[in-house]
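A.B. asks: On the provided structure of chain Y, position chains R, S and L as indicated by the hints.
There are 4 protein chains.
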Amino acid sequence: MGNTFGHLFRITTWGESHGGGVGVVVDGCPPRLELTEADIQPELDRRRPGQSSIVTPRKESDTIRILSGTFEGRTLGTPISMWVKNEDARPEAYSEMETRFRPSHADYTYQAKYGIRNWQGGGRTSARETVGRVAAGAIAKKLLRERFGVEIVAYVQQVQRIAADVNRDTVKLKDVESNIVRCPDRRAAEKMIRLIEKMRRAGDTVGGVVECVARGVPPGWGEPVFDRLEADLAKAMLSLPASKGFEIGSGFGGILLTGTEHNDPFRARGGKVITTTNRSGGIQGGISNGQPIYFRVAFKPVATVLREQETVDVKLRNTTLKARGRHDPCVLPRAVPIVEAMTALVLVDHALRHRAQCGE
Amino acid sequence: MGNTFGHLFRITTWGESHGGGVGVVVDGCPPRLELTEADIQPELDRRRPGQSSIVTPRKESDTIRILSGTFEGRTLGTPISMWVKNEDARPEAYSEMETRFRPSHADYTYQAKYGIRNWQGGGRTSARETVGRVAAGAIAKKLLRERFGVEIVAYVQQVQRIAADVNRDTVKLKDVESNIVRCPDRRAAEKMIRLIEKMRRAGDTVGGVVECVARGVPPGWGEPVFDRLEADLAKAMLSLPASKGFEIGSGFGGILLTGTEHNDPFRARGGKVITTTNRSGGIQGGISNGQPIYFRVAFKPVATVLREQETVDVKLRNTTLKARGRHDPCVLPRAVPIVEAMTALVLVDHALRHRAQCGE
Amino acid sequence: MGNTFGHLFRITTWGESHGGGVGVVVDGCPPRLELTEADIQPELDRRRPGQSSIVTPRKESDTIRILSGTFEGRTLGTPISMWVKNEDARPEAYSEMETRFRPSHADYTYQAKYGIRNWQGGGRTSARETVGRVAAGAIAKKLLRERFGVEIVAYVQQVQRIAADVNRDTVKLKDVESNIVRCPDRRAAEKMIRLIEKMRRAGDTVGGVVECVARGVPPGWGEPVFDRLEADLAKAMLSLPASKGFEIGSGFGGILLTGTEHNDPFRARGGKVITTTNRSGGIQGGISNGQPIYFRVAFKPVATVLREQETVDVKLRNTTLKARGRHDPCVLPRAVPIVEAMTALVLVDHALRHRAQCGE
Amino acid sequence: MGNTFGHLFRITTWGESHGGGVGVVVDGCPPRLELTEADIQPELDRRRPGQSSIVTPRKESDTIRILSGTFEGRTLGTPISMWVKNEDARPEAYSEMETRFRPSHADYTYQAKYGIRNWQGGGRTSARETVGRVAAGAIAKKLLRERFGVEIVAYVQQVQRIAADVNRDTVKLKDVESNIVRCPDRRAAEKMIRLIEKMRRAGDTVGGVVECVARGVPPGWGEPVFDRLEADLAKAMLSLPASKGFEIGSGFGGILLTGTEHNDPFRARGGKVITTTNRSGGIQGGISNGQPIYFRVAFKPVATVLREQETVDVKLRNTTLKARGRHDPCVLPRAVPIVEAMTALVLVDHALRHRAQCGE
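Residue numbers (this note's numbering), protein chains in the order written: chain Y, 817 to 1176; chain R, 817 to 1176; chain S, 817 to 1176; chain L, 817 to 1176.
It is worth saying that the hints were derived from the structure and are not from the lab. Remember, predicted model here, so these are calculated numbers, not experimental data. Don't take each hint at face value.
Since the list gives no way to pick one copy over another, a pair counts as held whenever it fits inside one copy or between any two copies.
Stated by the list, open to error - With a Cα cut of at most 27 Å, we get these calculated BS3-like pairs of lysine-lysine:
no., residue 1, residue 2
1, K1014, K875
2, K958, K990
3, K1088, K1131
4, K1088, K988
5, K1088, K1138
6, K988, K958
7, K875, K990
8, K875, K1138
Same shape as in the complex, but just chain Y (with noise of 0.2 Å):
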């Protein structure tokens, strides 16, 4: 009962791991923004399975098809529905996992909470749950840059101890994806790879941080006490498989420094109000301030590992369990393109509300 997000521009997302696919339906688009399946595609493939050596090899071509809401190749204001039909369906894969919980994944608690659950592949708990947000996060970036000037980059910042060294203020699309860890530091990026190929040789997996930043918010967006446009972020990603912890601007670091130090000084420049340091993230009492709003968030390492682990099965004995063939050793290169969808979702949602009621 949880599948909907967003209060203006809003999406349900749908599908299982195996069955008739994946899908959302946004609903709440501005008309007339033009919009074919080429505009989304590029996203999925950022997202999709195989796209490397060091992701999940899973085959599915992820191909998107828009079933409503657009004509002659632009939104009309309706629900636009997109899906993507499921191809790798080998439930045998999984066999196992119909009798036996896999640790640190969804599979007890959905038993426990349903009483039922699709056991292939992890069902509704898989991470191709993620298909529809990145398809719906397409529509929104697009929205964001060609009618609000907001460009939202994303990339990893952190693998285990390894980290990177980026520029928040000039880091592009193509800095990420100039290779295959997307991580723009490329020096860091070596090992970065080099320590998930060790991992998937081992059979392990490894986490990290993913950073967001996003450029060209106006000051105004946000909607305080509850709505405020962090808290809104931090439900977006807290909302992601995996993902574990959430910052904002100075974040869990701040609170080693003073007010006065931690404190960003205002000064008008060129007839605008800028602030001279950014550790509040581009948020000011849940609003955004105009400077660029940026966050991490800890994604934990993958539960699969293909080593021998202590677990209980569905009549609750004591049993273990050993995930066989292919594993995603790290999520991190995939959740790139997912948390800026989700980032998207926030501000383009955040830009129309702010709209509603302050706009003239």
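C.D. replies: Using the frame of chain Y, we list chains R, S and L on its own:
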């Protein structure tokens, strides 16, 4: 337009620092819960200014009054309206705020968003706004305790570099309330208090971390894919003034582990499924798994410092601003009941949502 | 759990007939609207008991107080909390209601639903609950008038068999207010008043129809397919105590025409599209077409009559009940400002929704 | 932006008359309900064009496909996505609609609102949009029947001046389905059919009334003050294409009675509270009282007639328009399953809401 929180147990807060008061309307509270002001006031007293030497000295009794929704000491199932009058109205104490934007406060963003703001004491951006949250949270806590067997305990876990050692499985409210900084580790508490008092004398401020644990949550609460339990907790926490980060379970620290190290093995114990470690933080796939839920919230140092700082005025001219009089050296002790309140609001909402869809 | 209305201009009402009062929180009101109690009170005075010889004589001044959301006489964009104290608290007047369910009232259903009820004066089921709606509606009406050029006029169109002849295109507030029954057709008004007074003397009650027209709504308001403008109006009207029916445009009478007769021809006039008839009632496909919006609401006769009636008591024993003292012979005159208020709330919400999605 | 309906059992519909199809996503369906396409298709067949000589002859098989949310024939508790492909795509049949606004259709208002429209077959404004409602409603009906013991029956009660005599307490689905006009009064049904066929031959159309009864609803469903059960039913009905009015219980006719005549006496019977009359229509104070719920919906004559009519074109020039080929002489027979579907959606949503707040 974002002053309502919750889906089924739904609160709407209102009020500014100066004016008729602050309050909250709670809609969706189950009927026949015993409830009087005596259930609410103690929580407000924990949040109240002037309660100790290390918090803001503003003089407010914060006396709660229930205006509707109860009858003969029990809830009716109708909206519960609660109101706290403002008392300490000294607008002159804030006169510079009329023309100058306080750095790292929300003065500028409110002005930019709405084209108007109540500059007295920060108006709606004042932490005073949290009175309504705490009042509503007191009801949620009582419901959770009496009808669902859930206990929530929050405490100050870190102030700047001083970190406490707390046993999440056993810590109790009385441990938290045993000192004015609300840290159950007495040795750390003493250091924290000394640091905060030093900051107060220096006219500066300091931040830290509040940790919160919820014990007794049964398996099954949480509504994937967007309204995951941790997603709603993250939103709740990032909606708090001065919060900059949220992490659940292993959090940002978890990225240093491999998947094999990070996974929580399942075991059967007494006919139930437990995990032998709890890096998941009691939530898997967005749904509670029966283990204690715990998370951490980073609060930046309070922005009001008694030092001269660079800023701009409402005519966009560069200037400086120096706050006068009293200030709040550390928000953490008073943040503890607020974090508990928001946690309770999220949990009770999900308890009702789970019952709606999956109840018999 | 259904005490909030609206999507962007959102009101939450609270309060029972007896207790601390009744009130409303308005969230989402655009900022910088001039607003003081003087804008609200006149509408409440139109709703007030005791205003004439043909309505309930309960003694309440219904004095409104704005507790938050304005500053120096203008709205802040933050929640506007409004409160009216209860004055006429005479619980003893209702003592039989403690043990017996009044026929065609909500005593029984509230007891069945919640297992508890405030039986004093009907508690939340009292028409007194509409105070909050009227107060919020006064703000909505002002916004519509000043920022969108929309004028709303409602009036009593029928009392039992006495129907009025009213020109919807020209009727004005002053015509409505020219007599105590709020019917702009003076001849019909006199008959209505005589009938109502006769009913009052007989201890009986009478129902009728309130018609409402909104002029100046531009083409484009309404959100198909579910939040059609007439759907939200229908919900608003059927949420009123004692309402039993709603019809828009040709309504139930329209079924006597053929399609050829019923269709509204379009014509171009002055660069605009108009219809030469208006059986659509100003809405086509759920969206306003620029013509006047008009609809009718049926109100049943008030259930409280001064006659002995069969009923059951709380122990489910058959008994009788006879109301004592004063009663309200006809709800219609006081329903007029309430219908206007709900209409305004629907329209302003849709104005903001339209601006959000389709604004530039 | 209004394509979602319901609070806990929540549906989102999508699709245009021409394009990839029409569909619906159902979120919040309880788990473990047996469900396959065979539960849905019969309801769609009742809604389908071409089912008899008195409805629109458009050729569509309307074959439903469940894409997600079930596993081994049972619901998972996750979103249920359903899709019906469009087949009868003959855009040329509608070529005049590209440039001319059909009178009393939504062509003009969609153009005015969105600045764009899919003119083929009316796009989103086509009655084809109701496919998703009926599919979702089939699930709601099954839930109500199996888990709550509620039975919903709708039927054509009036066509123009021909009114049927139907016993609301006993009418069954098979009575309704015994003839093509779906009127359980056979004598009236024959007259209705003759009138509709006459209209078809004349190229004209006719409207009427669908009545609906829900039996078995327990006392307690409905969420005052805004989400009263009848308010949500009214919204549901007025959200249907061509509907112009709604009345519950005594409705508009009830205004002819005095309060004494109108009130429903309570009596105790078999340990339950019943009313000896049912002018309330099974709802008092917005909450079901255990008696049958019944209401009536007015549908105007279909706007498409095979006569030349005055209209304007997209360049705002006066012109005429004459529809060609086939037309739908009466919407009523196909409206019956749609009214049932919407009724079921409202009731099941309220069943879950009641359980959430007042369940044990």
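A.B. asks: Next, verify each hint and record whether it holds.
C.D. replies: Here is what the structure says about each hint:
In this assembly of identical chains, K1014 and K875 lie within 27 Å of each other by CA distance solely inside one copy; the values are 22 Å within and 60 Å between copies. In this assembly of identical chains, K958 and K990 lie within 27 Å of each other by CA distance solely inside one copy; the values are 17 Å within and 51 Å between copies. When the C-alpha separation of K1088 and K1131 is checked against a cutoff of 27 Å, the pair qualifies only between copies, where the shortest distance is 10 Å, while the shortest distance within a copy is 65 Å. In the homo-oligomer, the alpha carbons of K1088 and K988 lie at most 27 Å apart inside one protomer (25 Å), although the nearest pairing across protomers, at 48 Å, exceeds that limit.
Proximity of K1088 and K1138 under a CA criterion of 27 Å is satisfied inter-copy only: 22 Å between copies versus 59 Å inside one chain copy. Proximity of K988 to K958 under the C-alpha cut-off of 27 Å is restricted to the intra-copy arrangement: shortest distance 16 Å within a copy versus 48 Å between copies. For the identical chains of this complex, K875 and K990 are intra-copy neighbours only, at 25 Å inside a copy versus 50 Å across copies, given an alpha-carbon limit of 27 Å. In this homomeric assembly, K875 and K1138 come within 27 Å of each other (Cα to Cα) only inside a single copy, at 22 Å, whereas the closest approach across copies is 54 Å.
No hint from the list above goes unmet by this structure.
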